[in-house]
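*Asks:* When you get a sec, could you build the whole thing from the sequences and use the hints?
If you want the building blocks of each chain, they are given just below.
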Amino acid sequence: MDTVLETGTTTVALTATDGVVLAADRRASLGGQFVASKHAIKVEPVHDRAAVTISGSVGGGQEFVQRLRAEADLYETRRGHEMSVDALVKTAANTVRGMPATPLLGGVEADGTPRVFFLDGGGGVLEDDYTASGSGMSLAIGTLERLYDPEMGVEAAVDVASAAIDAASERDTASGNGITVTRITADGVQQDTYDDTTEVLA
Amino acid sequence: MMGNNDRQAYDRNSNIFSPDGRLYQVEYAREAVKQGSASVGIRTPDGVVLAAARRVRSPLLEERSVEKLHKVDEFHGVASAGHVADARQLVDVSRRAAQVERLRYGEFITTEQLTTEISEHIQEYTQSGGTRPYGAALLIAGFAEGDPRLFETDPSGTAIEWQATAIGGGSDQIREELEEQYDPQMGVEDAVALARDVLTDEDDEEGAEPTIAVITADGYESRDVAE
Numbered sequence: 001m002d003t004v005l006e007t008g009t010t011t012v013a014l015t016a017t018d019g020v021v022l023a024a025d026r027r028a029s030l031g032g033q034f035v036a037s038k039h040a041i042k043v044e045p046v047h048d049r050a051a052v053t054i055s056g057s058v059g060g061g062q063e064f065v066q067r068l069r070a071e072a073d074l075y076e077t078r079r080g081h082e083m084s085v086d087a088l089v090k091t092a093a094n095t096v097r098g099m100p101a102t103p104l105l106g107g108v109e110a111d112g113t114p115r116v117f118f119l120d121g122g123g124g125v126l127e128d129d130y131t132a133s134g135s136g137m138s139l140a141i142g143t144l145e146r147l148y149d150p151e152m153g154v155e156a157a158v159d160v161a162s163a164a165i166d167a168a169s170e171r172d173t174a175s176g177n178g179i180t181v182t183r184i185t186a187d188g189v190q191q192d193t194y195d196d197t198t199e200v201l202a
Numbered sequence: 203m204m205g206n207n208d209r210q211a212y213d214r215n216s217n218i219f220s221p222d223g224r225l226y227q228v229e230y231a232r233e234a235v236k237q238g239s240a241s242v243g244i245r246t247p248d249g250v251v252l253a254a255a256r257r258v259r260s261p262l263l264e265e266r267s268v269e270k271l272h273k274v275d276e277f278h279g280v281a282s283a284g285h286v287a288d289a290r291q292l293v294d295v296s297r298r299a300a301q302v303e304r305l306r307y308g309e310f311i312t313t314e315q316l317t318t319e320i321s322e323h324i325q326e327y328t329q330s331g332g333t334r335p336y337g338a339a340l341l342i343a344g345f346a347e348g349d350p351r352l353f354e355t356d357p358s359g360t361a362i363e364w365q366a367t368a369i370g371g372g373s374d375q376i377r378e379e380l381e382e383q384y385d386p387q388m389g390v391e392d393a394v395a396l397a398r399d400v401l402t403d404e405d406d407e408e409g410a411e412p413t414i415a416v417i418t419a420d421g422y423e424s425r426d427v428a429e
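If you're matching them up, the sequences are chains A and B in order. Heads up: the first sequence runs through residues 1 to 202, numbered per my numbering. Heads up: the second sequence runs through residues 203 to 429, numbered per my numbering.
None of these hints come from the bench; they were simulated from the model. Source: prediction; values computed, not measured. There could be a bad hint or two in this list.
Take a look, some chain B residues computed to stay more than 10 Å from chain A by CB distance [what the hints assert, rightly or not]:
#1 L263
#2 T328
#3 D374
#4 D385
Okay, derived cross-link-like pairs now, DMTMM-like style, lysine to aspartate or glutamate, Cα gap no bigger than 20 Å in a straight line [to be verified]:
#5 B:K236 to B:D392
#6 B:K273 to B:E319
#7 A:K90 to B:E309
#8 A:K90 to B:E347
#9 B:K273 to B:E314
#10 A:K90 to B:E303
#11 B:K236 to B:E379
#12 B:K273 to B:D248
#13 A:K90 to A:D149
Distance ranges between label pairs, derived from CB positions [as the list claims (entries may be wrong)]:
#14 A:T17 to B:E276: 30 to 40 Å
#15 B:R304 to A:D128: 20 to 30 Å
#16 A:A186 to B:Q365: 29 to 39 Å
#17 B:R304 to A:G31: 36 to 46 Å
#18 B:A410 to A:A186: 52 to 62 Å
Built from N, CA and C at the ideal position, the CB exists for glycine as well.
*Replies:* Spelled out as structure tokens, the structure:
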């Protein structure tokens, strides 16, 4: 059995009219065969109005999050104002380059504009209205493709994100064990965890 | 009173304090800045004006080869005073800092951050072994994020923000003139005229036309006709 912890994972990120929603399942696995954790947190705030999801190796993802937080904090302390989302995503891309991780980044600009990005270990950045990563991404994207509506608000987007994580948890063996839902608005980041996706959908 | 010999002991290295807490080499570097001709910076609501006097030592000299104003990036420029070769080195540091900001964050550098980067570099040379301080001062002007800003750095690596100021030879007198004539609400063209006025006020009748650049929301623009 593989000895490196992998998130397996399904994570999604989507923009809403008044913010951004990120969501991820809570399973960490060894080689996709063994559930190493049922309580993994794969959405991490990195800024007052931005967060990332991690997929790939758990170690790589955690290292990425810690470095990005350090860069964002250092920037803010040195300059007396926080990073723009553009500066944050550029820093994230530079940080993740060479790491075994494919994060999603979601953030809200100071003026309230919602932004969502797909990043990869090669430093690639793709901006989109909705995106997904991890072993269950093709299942999640199908749901997002069907349910995403650019006119919906954050609460409607939470339902869509949860439906996508739910669909992937049903069929992807490396995803499951509940959901982390993160709402980002101009007011900040709010994160909630549930042991079952149906708790959010209900 | 400190004898000449005592003083010399703290004179050799820029990174050794004298017993009364002074860095003589840095102070000498400040004197070097005053040996050069003056440069002026004036901030207005719509942009910043940089101007530099040029000493033409011979009618055979090509004026355009005397470089005192330098474009750093689209929205920043610096005016130098003091050792020209030292200043050029700082100009390169400025240009690199501006590009590194774009590579690292995908954004144009702000004038304040550019000043911080340059000042930190200058300061390193007052504390490292085997180096001498920069014998040049800079006026750093920019228009970033909708704000016109004007900063000065000196050989110690200290940065100060100004509405209008002068560096180099005769700068104290020029600053006094600016204090009398500066109007915070003045237009860019009025500031150009004022800069030209205070730089040509000097007794030196043979001085060439000052070289001038303005930085506004439209970017860095050289006003030299000869080029």
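*Asks:* Looking at the structure, which of the earlier hints fail to hold?
*Replies:* 5 and 13
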